[in-house]
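Since the structure of chain A is already known, use the hints to place chain B on it.
Chain order of the listed sequences is A and B.
Under numbering that gives the first Met the number 0, the first sequence has 255 at position 256, and the numbering climbs by one with no breaks.
Under numbering that gives the first Met the number 0, the second sequence has 122 at position 123, and the numbering climbs by one with no breaks.
Hints in this document: simulated from the structure, not taken from any laboratory.
Hints are supplied without guarantee of correctness; some may be wrong.
Here are the simulated DSS-like pairs of lysine-lysine, each with C-alpha atoms no more than 25 Å apart in a straight line [what the hints assert, rightly or not]:
#1 A:LYS90 x A:LYS302
#2 A:LYS144 x B:LYS90
#3 A:LYS105 x A:LYS299
#4 A:LYS141 x A:LYS302
#5 A:LYS282 x B:LYS47
#6 B:LYS19 x A:LYS141
Pairwise CB distance ranges, derived in the manner of DEER restraints [unchecked claim]:
#7 B:GLN112 x A:SER202: 47 to 53 Å
#8 A:LEU122 x B:GLY192: 29 to 35 Å
#9 A:TRP39 x B:LEU294: 54 to 60 Å
#10 A:ILE258 x B:ILE222: 23 to 29 Å
#11 B:LEU39 x A:VAL118: 26 to 32 Å
#12 B:ALA309 x A:VAL118: 26 to 32 Å
#13 B:THR80 x A:LYS289: 52 to 58 Å
#14 B:ILE53 x A:SER202: 22 to 28 Å
Listed below are several chain A residues computed to face chain B (Cβ distance under 8 Å; list not exhaustive) [as the list claims (entries may be wrong)]:
#15 SER59
#16 ILE174
#17 LEU211
#18 LYS290
#19 MET294
#20 LEU330
#21 TYR334
Ideal placement from N, C-alpha and C gives every residue a C-beta, glycine not left out.
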Amino acid sequence: MNAQNTENAPKVLKESKNKIKVDFERTDAWTRFRIKYLSWHFVGTLAWWLFRFVLLLGISYVILLPFYTKIASSFMGRDDFVDATVKMIPKNFTLDTYREIIKENKYGEALLNTTILSVVCALLQTLMCSLIGYGFAKYNFKGKKYIFALVIFTMIVPHTTLRLSMFMKFRYFDIFGIFKLLGGGVISSFKVLKFSSLELTNSFTPLILLSLTGLGFKNGLYIFMMRQFFNGVPDELEESAYIDGCSTFRTFFQIVLPISIPMMITIFLFAFSWQWTDNFYTKVFFTNTKKWILMPGIVKIPKTLDTNYAAQNLYSAAIRNTCSLLIIAPLIVVYLFCQRYLVQGIERSGIVG
Amino acid sequence: MTKQATPAKRRKIASLDQRKARAGWWFILPFLIGFVIIYLPIIFDSIKYSFNEIHNIQGGGFYLEFVGWENYREALFDDPTFVTTLTSGVKQLFFDIPAIVIFSLFMAVLLNQNMFGRAAFRAIFFVPVILCTGLIDEVDAGNALINSMSDTSSSINTGSGENTVAQVVSAADFSRLFSNMQVGGEIFTYVAGLINNIYDIINRSGVQMLVFLAGLQSISPAIYESCSIDGASGWETFWKITLPMISPMILVNAVYTVIDAFTDATNPVMSYINNVYNEAGGMVLSAAMSWMYFLMVMVIIAVVVGILSAYIFYQKRDT
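In isolation and in its complexed conformation, chain A is listed as follows (with noise of 0.2 Å):
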């Protein structure tokens, strides 16, 4: 035995502290090469490998390519929507529109206001939804089902059948018409407060109130997702806590939502950007347009950009385009940094149920 094993044994040439040299019987170059990349099984790697790689670039050309459409035209000039021979780059190189966008669309005010409300709403509803998502997937407690099954409503029944009657709570809000009875709504003569109720449009609480409530935007869709988040989170977890005299609330802010965080980012992304570029809740709570200047306001072409020229419509189509590329803008930063938890956040939540 021993000896064999020292005869068939690579014989070691050069031996140093990191590198050792070792000499054995090797199938020569010719014959590995043909092994490996002369079969069937390589060239059909090879072909999937090209194929996938094709048809993922193609799309992702699709995908950006509308984007360099809108970045390229933002910096054309008035004459290169006529010339036929421009064609994705600009040739009269100009920063007018966008300093026009800026200075007469209010760009900056814009801007403003839409990063206070959305990072508020963003924040508001990712730690709302938590709470939530966190009540449905680790208590049981007597109709839940039946409340979870309110909240997939809330996300079936499309916002615009509500449009009117949202307008209409929150402008003349209400809560079970007790401040109109307060109010001397109902008996003239009672009357405690002052008016019969509150005007909350134009302003930021129609949409903190949603917010807080899990009731905004696609906020059904958060709950759903932090559910199924937090269904994957081992039970001991929690357990260990609660034996060490920990209180529900303090299991819930220490111990499980900083395991969270890149679901929790996920969230915070989709509900910042949607309620960033959201003109529903935009248009129906801000109806006066003059004091609240936000991101929907901006697209439309300034004055002292004259479109009244040969190539009008591709000209204010440009112009438009770059309100919205300005809208999107500090968007694409936020992705940048956020995206690479978007897909870890997805990937560990585990959604199948």
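Relative to chain A, chain B alone:
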């Protein structure tokens, strides 16, 4: 003394289950309060408005006049385009569901594989989820520049002026291929239409892709390993393992696609309803219309769930 002795006054000690149940209520309390105080009245109001005519009072305020089914009757019989818009929208929805679900499943499978530049591709594929929603969607809709300069359909330029994909496809004589295969011209136009709208489909399948990716990640690698040891090819593995394991996600995504498609403001029915809302006296009419639309989509969701749940495979968990 006597007070202390009465058993009714003694505080009952709740069991752990009861205490946990109570804590659960605390967690979902915000939603419950919001639902009862804000959402439920809104829903009821919306239904109420759809049966009423609304009149403004000078100097603020409004009063309602009950008109019964008048708004619904007006939407169904007086409005010239509502019914056709509705039926074509629903038809479109039925065509879009399979396209989006299949496309996102395929893309998720691709993005789940190990390959060169996977992180970059993933980052690019989820760009539409973040950036092409709501407002941007509205700006892009009917955008003359994107349509004329470098739309996906016109980027393939054959040089003869025929440049939409449908024309390229027909130039390649696929229609004859299809007719030779004894499938109708409708399928051909359907497929060509899908290719034409590829940008739209990609834009709308972002969340579905994420859901599928999550589903794929949660399939145990041990199953794939044992499969490959038994000599299954990638093709067989997909049909025998991946598809059954991912089937619950297909249901989720199909339902999500329906919801997303019909709550989306850019779809024809929704934009039609939005236009009606902005017309004089159209507010209540639009409420009536959207409730009808809502009922219709509920029926569609029921049909989709009914069809798909027959084919769903639920893995039995031993825990």
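Results of checking the hints against the structure:
no.: 1; hint: A:LYS90 x A:LYS302; result: 24 Å, holds
no.: 2; hint: A:LYS144 x B:LYS90; result: 33 Å, violated
no.: 3; hint: A:LYS105 x A:LYS299; result: 11 Å, holds
no.: 4; hint: A:LYS141 x A:LYS302; result: 61 Å, violated
no.: 5; hint: A:LYS282 x B:LYS47; result: 22 Å, holds
no.: 6; hint: B:LYS19 x A:LYS141; result: 12 Å, holds
no.: 7; hint: B:GLN112 x A:SER202: 47 to 53 Å; result: 50 Å, holds
no.: 8; hint: A:LEU122 x B:GLY192: 29 to 35 Å; result: 42 Å, violated
no.: 9; hint: A:TRP39 x B:LEU294: 54 to 60 Å; result: 56 Å, holds
no.: 10; hint: A:ILE258 x B:ILE222: 23 to 29 Å; result: 27 Å, holds
no.: 11; hint: B:LEU39 x A:VAL118: 26 to 32 Å; result: 29 Å, holds
no.: 12; hint: B:ALA309 x A:VAL118: 26 to 32 Å; result: 45 Å, violated
no.: 13; hint: B:THR80 x A:LYS289: 52 to 58 Å; result: 34 Å, violated
no.: 14; hint: B:ILE53 x A:SER202: 22 to 28 Å; result: 24 Å, holds
no.: 15; hint: SER59; result: 5 Å, holds
no.: 16; hint: ILE174; result: 6 Å, holds
no.: 17; hint: LEU211; result: 6 Å, holds
no.: 18; hint: LYS290; result: 18 Å, violated
no.: 19; hint: MET294; result: 6 Å, holds
no.: 20; hint: LEU330; result: 6 Å, holds
no.: 21; hint: TYR334; result: 5 Å, holds
When the structure is compared with the earlier hints, violations turn up for hints 2, 4, 8, 12, 13 and 18 and for no others.
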